[in-house]
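Those sequence lines, one after another, are chains A and B.
The C-terminal position of the first sequence is numbered 569 in our numbering, with every residue numbered one higher than the one before it.
The C-terminal position of the second sequence is numbered 569 in our numbering, with every residue numbered one higher than the one before it.
No lab work stands behind these hints: they were computed from the structure.
Take these hints with a grain of salt, some might be off.
Where chains are identical, the list cannot tell them apart; a pair therefore holds if satisfied intra-copy or between any two copies.
As the list claims (entries may be wrong) - Restricting the straight-line Cα-Cα distance to at most 25 angstroms, the calculated cross-link-like pairs of lysine to aspartate or glutamate (DMTMM-like) are: (1) K428 / D397; (2) K100 / E527; (3) K428 / E336; (4) K524 / E494; (5) K42 / E495; (6) K101 / D61; (7) K42 / E511; (8) K476 / E92; (9) K526 / D97; (10) K86 / E99; (11) K101 / D518; (12) K267 / E494; (13) K522 / D81; (14) K428 / D338; (15) K267 / D480; (16) K569 / E511; (17) K86 / E511; (18) K546 / D433; (19) K155 / D525; (20) K280 / D525; (21) K428 / D474; (22) K522 / E32; (23) K569 / E109; (24) K42 / E99; (25) K267 / E336; (26) K100 / E113; (27) K241 / D150.
Now for the letters of each chain:
2 protein chains.
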Amino acid sequence: MSKTYVIVGGSAAGPKTAAKIRRMAPEAEIIMIQKGKFLSMASCGFPYFVGGVFDDPNQLIATPTGAQRNPQFFSDVKNIKALTSTEVTAIDREKKVVHMRNLETGEEGVQHYDRLMIATGATAIMPNLPGKDLEGVTTLQSMEDAIYLKERLTSGSLKKAVIVGGGLIGIETCEALQLGGVQITVVEMLDQVLSFLDWEMAKHVENHIRSKGSEVITGCGVTEFLGKDGKVIGVKLADGRVLDCDLAVVAIGVRPNSGLAKAAGLEIGSCGGIKVNTFMQTSDRDIYAGGDCVEVTNLVTHQKMTWPMGDAANLEGRVAAQNMVLGNNVEYDGFIGTGICKVFDYVAGSTGLSEKQAKRLGYCNIMTAVQAAPDRPGFMGARPVIIKLVADRTTCRLLGMQAIGTGDVSKRIAIGAMAIHAKMRVFDLVNLDLPYAPPFSPAIDNFIIAAHVLQNKCLGRMEGISSLDVKAKLDAGEVPFLLDVRSPEEFMQMRLGIGEVLIPQEKLRFSRDKLPKDKDKEIIVFCKISLRGYEAYCFLKSWGYTNVRVMEGGILSWPFPREK
Amino acid sequence: MSKTYVIVGGSAAGPKTAAKIRRMAPEAEIIMIQKGKFLSMASCGFPYFVGGVFDDPNQLIATPTGAQRNPQFFSDVKNIKALTSTEVTAIDREKKVVHMRNLETGEEGVQHYDRLMIATGATAIMPNLPGKDLEGVTTLQSMEDAIYLKERLTSGSLKKAVIVGGGLIGIETCEALQLGGVQITVVEMLDQVLSFLDWEMAKHVENHIRSKGSEVITGCGVTEFLGKDGKVIGVKLADGRVLDCDLAVVAIGVRPNSGLAKAAGLEIGSCGGIKVNTFMQTSDRDIYAGGDCVEVTNLVTHQKMTWPMGDAANLEGRVAAQNMVLGNNVEYDGFIGTGICKVFDYVAGSTGLSEKQAKRLGYCNIMTAVQAAPDRPGFMGARPVIIKLVADRTTCRLLGMQAIGTGDVSKRIAIGAMAIHAKMRVFDLVNLDLPYAPPFSPAIDNFIIAAHVLQNKCLGRMEGISSLDVKAKLDAGEVPFLLDVRSPEEFMQMRLGIGEVLIPQEKLRFSRDKLPKDKDKEIIVFCKISLRGYEAYCFLKSWGYTNVRVMEGGILSWPFPREK
């Protein structure tokens with residue numbers, strides 16, 4: 006007799022589980038129960054719908070060939086019974102049934118299961134602040150939210166908006182609304198946007214957002230939404246400032262929907278997500294779970310965390326389905342923490358640990374390298390990419406990588422993600438055979454160059470200092486000898502103006518009298534990307550200077566205001 | 006006392022070695038001797054210069070900040086003495102000197118070395134055919150060649166050209182000249198272009214080239230260049246055909262320039278390249294070598310081969326330099342065989358072994374998977390990518406990957422290259438955490454979906470057949486039941502017309518009477534990309550059909566003419 010599979014949730018992990026069960030068990034009964042109106046919603050696409058990349062919301066639920074993924078589609082094509090606007094209110098594990106209610110008709114029902122999948126997702130967090138129920142205060146989580154934002158944008162009723170939260174969704178929403186002509190302020194409580202980046206990398210992203218005309222305020226929370234006639238007219242910040250606006254989009258994160266599982270007595274993890282093993286099985290052997298509502302393992306830190314990402318949800322659903330049908334036979338080991346975000350014509354991505362995360366986790370012997378370079382030869386229209394690598398100094402294993410810039414960041418993050426998945430060490434990365442041709446990369450790919458910098462540091466062939474640490478020194482009143490080795494023409498066009506001395510690299514050998522007399526004087530040397538800076542460093546060391554460092558990534562990695 | 010380093014060759018491996026030696030040994034004497042006129046020539050950029058992506062040839066020798074890499078630059082900036090138009094005629098290993106001659110003045114000289122680097126590169130092969138010395142018969146190897154082609158193209162004197170050889174440079178040159186309005190025929194002796202691809206993948210590339218207006222002839226060699234008044238007017242093929250033309254570009258490969266090393270008694274490998282160990286050291290401990298003139302190890306096959314690629318040359322030079330200065334301390338283990346080629350708005354790439362190469366090498370138990378899918382969601386402007394994976398069935402280790410299409414192929418090849426470098430197995434690839442956001446990939450990246458297909462085949466959950474094997478069956482007169490499960494609308498727009506029966510996937514369960522009565526009848530099922538095809542396969546298997554296979558990659562992977 007064929008089994009009955011019930012799936013609670015119809016967004017990402019749910020439909021993937023249902024479809025995979027169907028392929029594994031063509032005769033089984035499969036019922037998918039979705040609380041919302043829509044199924045298989047590509048919610049990651051909301052900002053692009055709002056921003057006008059496309060205008061038909063049906064594209065968000067379309068298959069690659071254009072079919073709409075509605076209950077009829079699931080029934081006809083996949084023989085899956087899909088109920089929408091239907092909430093599962095309780096799981097009776099003893100009787101192996103779920104209780105449900107149709108949210109439109111109020112009708113209640115009971116459904117038996119042999120195996121149950123919980124894919125209830127997560128809910129956007131709305132802070133309990135005064136004014137949160139005003140019209141115009143919204144999240145961007147549902148199709149309804151997306152349509153509301155798009156209508157506000159296209160109706161012309163929107164002049165100023167505040168985005169509360171500078172994470173992935175906040176930044177993507179900023180881009181969408183800004184491109185629609187709205188004056189935007191992003192307010193982030195932390196001291197930077199995109200917390201998967203290190204501070205100095207995030208500052209470049211903030212600078213880019215500002216260059217597009219939006220405002221970014223960091224290190225300041227929101228205390229109140231101000232209203233008039235029931236509509237939002239402003240946002241009050243913790244420092245007392247008031248930002249006028251006619252829309253406030255709150256994007257400060259999500260909370261796993263684990264209440265149903267908890268009420269049924271299933272184990273819940275310390276982050277509030279449902280506990281599952283690597284088979285995606287909960288503490289009840291007949292109940293599996295996946296997607297934003299569960300906790301999975303970070304393969305770098307070995308910690309259990311929620312990881313509310315669309316790609317992970319699909320992979321988890323695929324694993325759960327195979328195990329639900331055949332018994333536990335395939336595993337989802339976990340994620341490494343890869344994220345990417347388009348920011349206008351800039352891209353910011355990260356995989357594994359940032360330096361900040363690694364330090365917070367107690368890695369005390371880490372090594373970093375920052376490298377800035379064009380992503381292909383100049384004659385092919387080079388665009389810059391800044392890469393930061395984070396490695397464990399003891400094992401030389403790569404722990405994390407960040408990349409930002411207008412160049413091809415996505416490929417470099419993918420390369421870094423593979424290196425971290427495969428637990429590769431710095432020395433495994435210096436001679437990679439990557440796809441090289443002028444339209445795609447420089448002769449030595451940016452990722453490999455970054456690995457070379459890290460290797461040089463590992464082998465003691467280069468001592469580096471981050472732009473952040475240089476700034477901190479200056480702010481603390483220190484006066485290192487700052488040496489810019491670019492050409493006078495470059496210096497005229499762009500310069501830091503932090504007291505640096507200009508000695509072009511080719512003049513350096515003949516200008517030793519311009520260098521400090523004291524061989525122990527601290528010298529910090531740089532150029533545009535610090536390749537010439539590194540060459541100058543080598544000369545200085547050979548002349549007996551003992552305290553020389555290269556400012557890694559050069560002027561391109563300087564996230565602070567420049568003189569010019 | 007500081008050492009003297011002599012580098013023979015100034016294109017890629019040579020300048021990289023010289024620059025790295027300078028960083029390792031700031032006080033050393035470094036002399037780089039180049040036979041040609043130009044240094045650090047980005048020869049991979051020639052096709053893009055010819056094709057008009059940029060017009061100033063100086064960009065090919067410019068640093069990222071625009072400085073020209075001429076002898077003055079090397080002297081001023083890097084304190085490297087660079088001699089151009091100077092040929093090293095002999096190496097006297099006993100006296101540790103090289104003999105050289107200035108090709109412009111005829112002046113001869115002798116230069117002592119403590120350590121010598123041989124980076125003499127390779128020479129484009131010109132077959133010894135009648136007419137090879139006619140004006141208009143050329144290779145594309147030197148700056149002079151590139152300028153000649155560009156002048157011919159811009160002067161309007163060029164109407165028809167024949168490209169002899171369908172490898173990377175041949176295809177890139179085809180694109181360059183075709184975009185300039187020249188009528189092109191590519192003639193390839195093998196039965197396909199781009200030999201790093203399997204036949205059926207190459208056929209897609211050939212179809213794309215033809216769709217741009219160029220002709221491609223495979224399986225036919227050239228026997229003669231026909232001339233009039235000393236100028237080429239045609240190319241004669243082995244089958245007797247004559248192609249009129251006023252230019253013939255020969256791009257059939259390169260031969261390592263190992264003569265100098267051989268004459269000095271250094272060991273030469275079986276492919277004609279200089280033998281080196283992983284330190285890039287020749288059989289003489291004071292002589293190192295790198296770049297197109299050496300043999301290095303293919304890390305997948307463990308065979309020594311020449312690998313004349315610009316990226317490898319740079320990496321080898323960097324390793325050689327470190328060992329020349331400090332004694333052997335870092336290694337270049339080898340390459341895995343990664344290549345990529347822009348073909349108009351199409352990209353073709355490969356890493357590791359193709360199926361054909363694997364079979365030729367005696368891997369008898371290999372497994373492949375072909376998968377076609379959009380490279381991002383439809384609403385973000387999806388473009389197709391076809392991926393083929395090749396794995397060892399016994400170890401499940403990935404041996405190779407190919408990708409073609411108008412989508413982001415470069416990223417997927419980079420991912421595959423990392424998997425091969427790290428010796429990852431199919432099961433390591435099914436749950437990768439890659440950078441996902443709608444502008445960059447579908448929720449499950451194309452590479453991961455391809456790994457899923459391979460996993461399904463590994464686990465016996467899917468049996469596949471390539472479009473190539475389907476065609477072979479039909480050509481042999483077999484009549485399998487061919488089942489297309491797309492919609493009638495899709496069928497009207499595009500179809501193979503090979504006798505297939507259309508039963509839309511959603512009708513299949515109610516159309517069992519249209520299927521063969523004989524449960525052992527061979528059935529081959531497909532759709533556009535064979536995702537629905539796979540679902541139909543699962544149904545058919547569950548109904549007791551014993552001989553069902555999915556045509557992998559679906560209609561998108563069919564490289565032969567279609568009815569519509």
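So, going through the hints one by one against the coordinates:
1. K428 / D397: both (11 angstroms within a copy, 22 angstroms between copies)
2. K100 / E527: Neither, since 74 angstroms and 45 angstroms both go past 25 angstroms.
3. K428 / E336: both (19 angstroms within a copy, 20 angstroms between copies)
4. K524 / E494: neither (29 angstroms within a copy, 79 angstroms between copies)
5. K42 / E495: neither (58 angstroms within a copy, 28 angstroms between copies)
6. K101 / D61: Neither: 40 angstroms inside a chain and 74 angstroms across chains, both beyond 25 angstroms.
7. K42 / E511: Answer is between; shortest inter-copy Cα gap is 23 angstroms, intra-copy 68 angstroms.
8. K476 / E92: neither (55 angstroms within a copy, 50 angstroms between copies)
9. K526 / D97: Neither: 74 angstroms inside a chain and 46 angstroms across chains, both beyond 25 angstroms.
10. K86 / E99: Classified as within; 24 angstroms inside a copy, 84 angstroms across copies.
11. K101 / D518: Classified as neither; 85 angstroms inside a copy, 37 angstroms across copies.
12. K267 / E494: Neither: 66 angstroms inside a chain and 47 angstroms across chains, both beyond 25 angstroms.
13. K522 / D81: For K522 and D81, the Cα distance is within 25 angstroms only across copies (24 angstroms; inside one copy 83 angstroms).
14. K428 / D338: So K428 and D338 pass the 25 angstroms test inside a copy (14 angstroms) and across (18 angstroms) alike.
15. K267 / D480: neither (51 angstroms within a copy, 61 angstroms between copies)
16. K569 / E511: Within. Shortest intra-copy distance 23 angstroms satisfies the 25 angstroms Cα cut-off; inter-copy 64 angstroms does not.
17. K86 / E511: Between copies, since 14 angstroms is at most 25 angstroms while 74 angstroms is not.
18. K546 / D433: Neither: 28 angstroms inside a chain and 45 angstroms across chains, both beyond 25 angstroms.
19. K155 / D525: neither (61 angstroms within a copy, 55 angstroms between copies)
20. K280 / D525: neither (57 angstroms within a copy, 46 angstroms between copies)
21. K428 / D474: neither (29 angstroms within a copy, 38 angstroms between copies)
22. K522 / E32: Result: close only across copies, 20 angstroms inter versus 85 angstroms intra.
23. K569 / E109: neither (61 angstroms within a copy, 47 angstroms between copies)
24. K42 / E99: So K42 and E99 fail the 25 angstroms test inside a copy (30 angstroms) and across (84 angstroms) alike.
25. K267 / E336: Cα proximity of K267 and E336: one copy only (24 angstroms, versus 55 angstroms across).
26. K100 / E113: within (17 angstroms within a copy, 97 angstroms between copies)
27. K241 / D150: within (23 angstroms within a copy, 67 angstroms between copies)
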